[in-house]
Amino acid sequence: MNAYLILEDSTVFAGTSIGAAREVVSEIVFNTSMAGYSEVLTDPSYAGQAVCITYPLIGNYGVCLDDLESGRPWPDALIVRELSEIPSNFRSDCSLGAYLQKYDIPGIAGIDTRALTRILREKGTMNGVITTDDDYDLETLIPRMKAYTTGKVVEKVTCREVTVYPGVRDLSENGPLSGLASFDREAFSRGEREPRPSLVTKLNGAGKRIALLDFGAKANIIRSLTSRGCDVTVYPADTPADTVLAGGFDGIMLSNGPGDPKECTQIIKEIRKLYDANVPIFAICLGHQLMALATGADTYKLKYGHRGGNHPVKDLATGRVYISSQNHGYVVDPDRLDPQVAVPAFVNVNDGTNEGLTYVGKPVFTVQFHPEACPGPQDTGFLFDRFLDSLDQE
Amino acid sequence: MPKDQSVKRVLVIGSGPIVIGQAAEFDYAGTQACRSLKEEGVEVILVNSNPATIMTDKNIADHVYIEPLTVPVLRQIIEKERPDSILPTLGGQAGLNLGMELEESGFLKEMGVRLLGTTAQTIRNAEGRQEFKDLMERIGEPCAASEVVESVEAGVEFAESIGYPVVLRPAYTLGGSGGGIAHNRAELEEILENGLRLSRVGQVLVERCIAGWKEIEYEVMRDSAGNCITVCNMENIDPVGVHTGDSIVVAPSQTLSDKEYQMLRTSALKIISELRITGGCNVQFALHPTSFEYCVIEVNPRVSRSSALAAKATGYPIAKVAAKIALGYCLDEIPNAITGNTYASFEPALDYCVVKMPRLPFDKFLTAKRTLTTQMKATGEVMSICSNFEGALMKAIRSLEQHVNSLRSYDFSALGAEDLRDRLQVVDDQRIWVIAEALRKGIPAGEISEITKIDLWFVERIHTLVRMEKRLMTEELTKDLLTEAKRMEFPDSEIASLSGRTEKEVHSLRLAFGIEAAFKMVDTCAAEFAAATPYYYSVYGRNEENEAKLPLAKAEGKTYKGKILVLGSGPIRIGQGVEFDYCSVHATWAFSKAGYETVIINNNPETVSTDFDIADKLYFEPLTDEDVEEIVRLEKPDGAVVQFGGQTAIKLTEHLMRIGVPILGTKAEDVDAAEDRELFDEILQQTKIPRAEGGTVYTAEEAKAIANRLGYPVLVRPSYVLGGQGMQIATSDKEIEEFMEIINRIAQDHPILVDKYLMGKEIEVDAVCDGDDILIPGIMEHIERTGIHSGDSISVYPAPMIGKLIKDKITDYTRRLATALHVRGMINIQFIAIDEDVYVIEVNPRSSRTVPYISKVTGIPIVDLATEVILGKKIRDLGYTPGLAPEAQYYAIKMPVFSFEKIRGAEISLGPEMKSTGECLGIAPTFHEALYKAFLGAGVSLPKHKQMIITVKDADKGEAIGIARRFEKLGYIIYATRSTAQALNDAGIKARRVNKIHQESPTVMDLILGHRIDLVIDTPTQGRDKTRDGFLIRRNAIETGVYCITAMDTARALVSSMEHASENGQLTLVDIAEI
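Line order of the protein sequences matches chains A and B.
Heads up, the first sequence is in the numbering used here, so the first residue is 1 and it goes up one at a time.
Heads up, the second sequence is in the numbering used here, so the first residue is 1 and it goes up one at a time.
Excised from the complex, chain A in its bound form (with noise of 0.2 Å):
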């Protein structure tokens, strides 16, 4: 079936429809990892948005449940150049077309995606449509495009009630350190599952009990923090300040999430009452930005944002150069900073953005990349350590 993807300055791409064949208006934006489309997928910071894989090649290993990032795909619609039908991987539970067709996400693939990349880089991110009507009307298409806003996505996103996830209590719980995991296929196949290969080699987090705010947590944030041994409440992202600190955590985690920081009105004013609190709290993307709006800094929408596995981050403190995954249309102002609330303390080297602050007499860390990787590099998984070690000096 041919399938379009439409973009509000008119251009067109034909293509072929992958997944639902319905139509969707969207904002489109694109992402470079060359591997990992299926924790992409379900990283629930893309909701409101419709994704371009850079990477040509797409579903070559196929969709493995384990590998999600909570338990569904989040962005409006896939935009690929090329799918690959038949999976190969020892893992793999389906094929990408199937994953998407079974929660019914549109995409269209075989267009010319480095075309597309090039018109939102120069032109900036923009709003789009996808469509399998081949009688589509631009007349009509480009004013929805133009009047579509991802709008209050954390409330889409976020979890219904609070969760308890327990810390490992032995490191064997992991499973195997990476490397020397074995496999037992057949035990795969009927759906025994073994953990996947873990790099935590100390529980460093034993006995602490962290409080996350999901605002779109990445499974894997999760997992950082059990995997060390941490006892993890999860809260809805509309969960009132006073609620988590009655729970007499050691420290306080702000997920990811997506849309416009300034959007979270009502969330940026609980987050002011944590900070107030003086509880340790260490936030990742979203919750970063959410962080620095509640302290009196500013956020402003790059051209076309940070996307991919393959950015350089710039310990201020150190010196030393992180290659990180990163998943962010806005970012914090540096130059809206007060400095006696906040300080630089990551910045990207290629563009010289903020990637991170440290608060000023507060124990307060956040970071705009991603310390949990997945999909993408783990360099700056030591973070987590960072934070659970802080703890004990509180």
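Wrong hints could be hidden among the right ones.
Said to hold, decoys possible - Below, simulated DMTMM-like cross-link-like pairs (lysine to aspartate or glutamate); rule was C-alpha separation at most 25 Å, straight line: (1) B/270 / A/173; (2) A/303 / B/545; (3) A/123 / B/556; (4) B/479 / A/135; (5) B/3 / A/315; (6) A/123 / B/547; (7) B/453 / A/315; (8) B/667 / B/812.
Claimed, not checked - Derived DEER-like restraints, expressed as beta-carbon distance ranges: (9) B/532 / A/123: 16 to 24 Å; (10) B/164 / A/151: 56 to 64 Å; (11) B/341 / A/338: 28 to 36 Å; (12) B/341 / A/206: 39 to 47 Å; (13) A/201 / B/226: 15 to 23 Å; (14) A/361 / B/335: 35 to 43 Å; (15) B/453 / A/191: 23 to 31 Å; (16) B/479 / A/123: 29 to 37 Å; (17) B/479 / A/133: 18 to 26 Å.
What the hints assert, rightly or not - On the chain A side, residues computed to face chain B include the following (Cβ under 8 Å): (18) 14; (19) 64; (20) 86.
Please keep in mind that the hints were generated in silico from the structure rather than gathered at the bench.
Think of the CB as a built atom: it goes at the ideal place given N, C-alpha and C, for glycine as much as any other residue.
Chain B: place on chain A using the hints.
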């Protein structure tokens, strides 16, 4: 961290002659690194024995020593030049080993010289087997478990502890005989018992078998501050068991999920950090195909063949960045040259698929085993880029220039399904063609994947191509079908053959449909940032944006006199090596200097010419008529030069002319006149130059008729080939039949030449001709008499044994031939001198393999001059006096270097077909010292044990006596087989007789295997019988590391050089930059 200001003079060690496993990639890496160092104001002293390289040019380094790569020579250079640092990680394993030896001897410390980049301790940790294993164990990174055992019981115990299957490798047996893979205890006991018996020391290595696992590589960079990045990862299509150099490799990995990808990436970074490597590093993993289990296979703490590939595949200049890191810079301080406004501290994102295929030399070594193992056999490689895997594979196949352009090119259609199942077990260079045939015969992809252990994904992709073949055979050629076939990069010729049309019809049809190639950029970042210096690859599709049509930032405001297309020389192969890349690059630079915009097309990832900043535009594409035409249609060049790119470029001439591209320099019809027998005979008559009598034939009958008319021996060869491919000396009708059969296995477009074989001195010249005048930088004389290919002969400049009369005659003939052929640019001529007569053997109106060598030793930049001449300048205007240039005050000797030990079953005796893979130079004030250095550079450092074996054919016995006497005088104990011993004894030489192989022990083979022999002189009798004694002696000598000579002239040269070896080992150093 900013640059370390204390680094002012750096010695860079090159990798020496090109051999299998160490090829042009180090010229690329070294050249890039030297330019990077000079850019920082560092004075560069370069040592590399390989004269064919660009890195040994005086504009690349400040001081250039084309000297043997030995510790004493390096010490001498260090004493003379007093560098403050050495950079040893750019010259492959050879360079690294030298750096380590110098460091370990304490000499560097004594001289106040330090190793730049990675430290000696790090190199030891990475290179030492035990050290590496211990380190990996310490940091929890798994290696394949192994243990040396001396009894069956110990072997069983160990095998049961690590699990079956296990690989068994007996210590010290020839070519791994007695080894094998044991899948259970019974097999283990059987193989182990046998292996222990065969091993001379009674030891067998028992190792966990990881054959069949996925082989994955990561290219990693680390700076002194500890910042690490991975440049890219690569997946070998051929699983573990085939050397990565012989594997088809794809980048990035295709079948790894993010979990496996990141697991291995993290491991690679952990290893490089733990080893504290500063610079580039390659980590190879074996990944279990159905689990997360992996093993670290090896780590190369230096730039490597894989890093050259990764650099070209991503656009990330690994060697350049490694050089900057060595100077103290951090990754985030080094700009990304492609984007211009980001930094080296990022990881390239690819938005295309890269396929690398090896160029294997089995077309040269017909007797060699084609199977692929852990011993690399490829002489070179090609790389292709496309937006889909199928297309990249198809492009890579036709880039090989081995008469293959599709998955049907090797025909296995005669095999039935059962035979194919058996054939699939064989791991050789034709496996993907077998897979394609198996798919055609209906063997399921899953089963093929089971048998071959090649991931199902790749087999399915091959299946896609096979299905397209069928569609093209059965369906109407609609626009959609044709678009889809082109998307997978089916060449027009293949579509034509499948659809029963002519290539021209298909071509017109697709143009009528508007199906043309579009070009995309390699920009390191998947279009995330604007690129300043990108390069291009083609794609076909429904609506592909053509980025090559967009204006380039770096071209803004520039005006050019015109646009020149430079055609590269494709993969490195025997007969067409790095020399032609040298010529292409120099021509490009010269055109650029003259104010022209330059466009290079090439497909070899190992070369300097495919570095993105050599030409104004680089197209990484196959060098076929069709692929070039697509680029021409877009670029509309004002002219193309083909005379620098070897036979690859020459072959494109006809088509370029047909599509309206003017050929700059010598006209195509004149090139034809040199290659076409009858036309050339006319030229010779007209210029009154004699040549050996002969004729042209198509069949064996015709050949025999001519041979009998001329009288044996005769020379038989195809026309339009390089490196004497298929050339043979025939001594009988039977041999003519044999050779004609081999030549005609591949359809010949041109006739075959049969000439009377003349024996004399072989002389070679390279010259520049401007239409009126010629300039010969120097006359080269071969040590070996005619009959041995010029590329395999030791070549001496200035010609020592011929007088003025002959030299004048050669100069005159060269001028007459060059002007008669209307040469504009380069010409290469080979002559035979017999007494005072000079005959011409062949004329090549193009650049040759001796051009870099003769340019460097005479200081005359021939390629630059040829380029100027092509653009209309006259030799006189360029500051040179026409004719033969004055001779230099020293001798420069080019020594061929072979890689026979790498190719099991290859016949090593020399003949008219070229077999050497590389060359080195000996340059010195006297002939004998130059000769000594040349042998030394080729790794011949004698005497050692002062024992040798002589076994020569009857015709050579007379000469053998003189040579043997000289060796005896040098203190050699001479062993000889029966008739040779007799001849030597009769002449009063104390030769000890040894038995032939099939006689009782001790035989000649026992001597060789005893490791106490320096040298074997074995001149072969005719014939290609692999079971003959001579063949076995030569093979075994080579495989045990004994130097083996198969021509009397070479033997005489060796003994002369040894007689004149200096007492104290001191050599006279020559700085090429001062010539």
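Hints and how they fare:
{"no.": "1", "hint": "B/270 / A/173", "result": "23 Å, holds"}
{"no.": "2", "hint": "A/303 / B/545", "result": "22 Å, holds"}
{"no.": "3", "hint": "A/123 / B/556", "result": "22 Å, holds"}
{"no.": "4", "hint": "B/479 / A/135", "result": "22 Å, holds"}
{"no.": "5", "hint": "B/3 / A/315", "result": "21 Å, holds"}
{"no.": "6", "hint": "A/123 / B/547", "result": "17 Å, holds"}
{"no.": "7", "hint": "B/453 / A/315", "result": "44 Å, violated"}
{"no.": "8", "hint": "B/667 / B/812", "result": "22 Å, holds"}
{"no.": "9", "hint": "B/532 / A/123: 16 to 24 Å", "result": "20 Å, holds"}
{"no.": "10", "hint": "B/164 / A/151: 56 to 64 Å", "result": "60 Å, holds"}
{"no.": "11", "hint": "B/341 / A/338: 28 to 36 Å", "result": "30 Å, holds"}
{"no.": "12", "hint": "B/341 / A/206: 39 to 47 Å", "result": "46 Å, holds"}
{"no.": "13", "hint": "A/201 / B/226: 15 to 23 Å", "result": "19 Å, holds"}
{"no.": "14", "hint": "A/361 / B/335: 35 to 43 Å", "result": "38 Å, holds"}
{"no.": "15", "hint": "B/453 / A/191: 23 to 31 Å", "result": "27 Å, holds"}
{"no.": "16", "hint": "B/479 / A/123: 29 to 37 Å", "result": "31 Å, holds"}
{"no.": "17", "hint": "B/479 / A/133: 18 to 26 Å", "result": "23 Å, holds"}
{"no.": "18", "hint": "14", "result": "6 Å, holds"}
{"no.": "19", "hint": "64", "result": "6 Å, holds"}
{"no.": "20", "hint": "86", "result": "5 Å, holds"}
The structure shown violates just one earlier hint, number 7.
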